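Note that the protein sequences, when read in sequence, are chains A and B. So for the first sequence, this note's numbering puts the first residue at 1; every next one is plus one. So for the second sequence, this note's numbering puts the first residue at 1; every next one is plus one.
What the hints contain is simulated information worked out from the structure, not anything from laboratory work. What you are looking at is a predicted structure, and each value in this text was computed from that prediction instead of being measured. Some clues are possibly wrong.
[Unchecked claim] Once the Cα atoms are required to be at most 27 angstroms apart in a straight line, the calculated BS3-like pairs of lysine-lysine come out as:
#1 B/103 <-> A/414
#2 B/103 <-> A/401
#3 B/103 <-> A/340
#4 A/347 <-> A/421
#5 B/103 <-> A/410
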Amino acid sequence: MKRYWLSLIVALGATFFMIYQSTLLAQQSTPSPAPAATEAKPETRPEEKKVEAAAPLEIKLDKTNLDNGGTITVTGQAPAGKPVYIEVSADQKVRASRFDSEVDKETGKRPYVLYMTHEMPASYKIYVPTTQKDDLDKIKKEGSKWSYSQALKDLGADVAYSAPGKIKIDRYQATLMGSIVGSRGDLLPAMDDKENKKRSMQLVKARFRSPGKVFSPTVDVKPDGTFTAKVSIEPGSAPGKYSVRAVVDKDLKSQPAAVENVVGFPIIYMSNAGTSINLLGPFLLTLAISIFGVLMGAGGGFILNPLLVSIWPLPHTVVAGTVMPTVLFSQGSGIYNYSKIKFISWKLGVAIGLAMLAGGFIGPKMTELITLDQYKFVFGWILVILAGLMFWQTTPGYLEKNKKEQAILKEFKKRAEEAAKAKGK
Amino acid sequence: MIVEFWGQEFKVNVVLGCIGGFLIAIVSSMFGFGGGPFMVPLMTVGLGLPMYVVVGSSLLAIFFNTLMGTARHYQFGNFDATFFLVMFPAAILGGFIAPQIAKRISPLMVKRVACAGLLILAANLLGLF
């Protein structure tokens with residue numbers, strides 16, 4: 001009987017997961033029919049046309065409205081024999097941060113400076129000519145150590161880099177003492193334009209992580225200079241306006257053209273995470289994991305957090321900061337229930353609780369200092385330790401001791417409940 | 001420190017408890033989980049307290065951590081309201097369904113499955129496959 005129930009849970013979990021996966025696939029395989037540009041033109045469109053006419057470089061988009069992502073074909077005419085780059089950036093802004101603790105080559109010191117911006121485009125990509133596919137593959141092979149500014153130079157795409165270059169970046173000088181008391185450190189004076197651009201490139205890498213997210217070799221340039229490019233806004237991208245701009249060199253740029261991406265229920269946009277996801281996915285995952293969590297006697301966060309950052313492109317800071325409050329209420333109600341029957345040692349709980357209060361003050365500060373890879377790595381080891389603890393709890397020695405303990409626990413609880421009842425009367 | 005609980009007195013090494021709790025709180029609030037599975041062994045094995053003292057008191061201690069961690073994450077802008085509204089009902093619902101299932105399956109079996117699952121997940125996170 002027990003086995004039956006267990007297998008049922010596993011089967012249900014697997015089914016939910018498969019349903020979720022298949023809805024994802026369905027979304028990808030059937031791009032929703034976006035209305036053609038001729039049917040629904042945004043109001044700003046005629047105006048832009050006029051400005052574009054003045055610029056020497058013109059681009060045409062085959063559609064300007066998208067429903068949860070899709071592919072747009074950009075065509076245009078550039079001077080013959082020159083590479084063409086297309087910059088696509090979302091108007092939606094998200095937060096990006098990077099902690100610089102690498103040794104400075106000039107001074108030999110570690111700067112320990114936290115760079116933070118609230119104006120990073122929620123999605124940003126430069127489309128490079130198809131001929132540069134090999135160069136891009138080389139960059140992809142570098143693994144996590146790749147440099148965005150170097151990649152821009154190698155691909156010649158630095159001329160197209162403009163949207164994130166002017167974002168406002170705050171710098172904080174972190175100190176050991178500051179980190180201990182949980183402060184971000186002192187705000188340093190603003191950087192000049194050049195420095196700002198350089199740091200913004202590092203933030204682009206910190207935010208989008210892989211070269212495939214920020215580069216795509218899909219601009220097909222013909223010998224006579226006409227070019228076509230497939231610009232794909234991925235499902236799960238932020239809703240709102242996207243600016244598309246073609247760049248040949250410093251002086252030859254097209255006016256930005258606008259594309260509107262609409263995201264509808266049940267896909268919702270999380271403004272802080274910068275991602276649109278089908279809300280059924282996290283809902284079912286949280287449900288399954290929290291049931292399992294209660295059964296194994298540990299909170300679900302252990303399994304939920306690594307899964308959330310692995311399955312969806314969610315920043316680890318947002319995952320950590322949002323999962324934590326979800327257990328607040330269940331813990332609160334647990335304490336209330338125990339306190340009703342006087343089953344809490346307030347002295348002990350508060351004493352250790354105050355130490356934990358101090359720890360909880362520091363921890364969230366550390367979350368933004370680490371990268372996603374470090375987050376996953378440390379979490380991996382935490383899970384190994386937890387698995388060890390779980391295994392220890394299934395050993396015969398522990399079980400026997402636990403049996404006695406549980407019996408005493410039950411006995412005491414019964415007495416406590418009776419005492420509480422008697423008092424109530 | 002001497003703690004009195006239901007007519008019995010326990011001697012508690014409060015320094016060890018506080019240092020352990022402090023470290024657990026840093027890690028758990030940093031990574032965004034509760035910390036219960038680490039606190040309970042700390043208090044039973046590390047401090048030598050019986051289970052019936054630990055169940056309620058560890059929950060109270062962890063609550064302090066969760067409260068502070070939540071406030072700080074909110075302060076740093078790590079809280080996404082939409083995401084929370086998706087997960088919160090699921091977590092509450094899970095809390096109601098779980099006890100119904102718990103009556104029917106052996107906790108030993110759950111722990112063994114959890115153990116295997118955690119190792120697989122850990123291997124994945126550490127990039128072993």
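So, going through the hints one by one against the coordinates:
1. B/103 <-> A/414: holds (18 angstroms)
2. B/103 <-> A/401: With a Cα-Cα distance of about 21 angstroms, the restraint between residue 103 of chain B and residue 401 of chain A holds, given a limit of 27 angstroms.
3. B/103 <-> A/340: holds (24 angstroms)
4. A/347 <-> A/421: Between residue 347 of chain A and residue 421 of chain A the Cα gap is close to 24 angstroms, so the pair holds against 27 angstroms.
5. B/103 <-> A/410: Given that 27 angstroms is the threshold and the Cα spacing comes to 15 angstroms, the pair holds.
Hint check: no violations occur; every hint is consistent with the structure.
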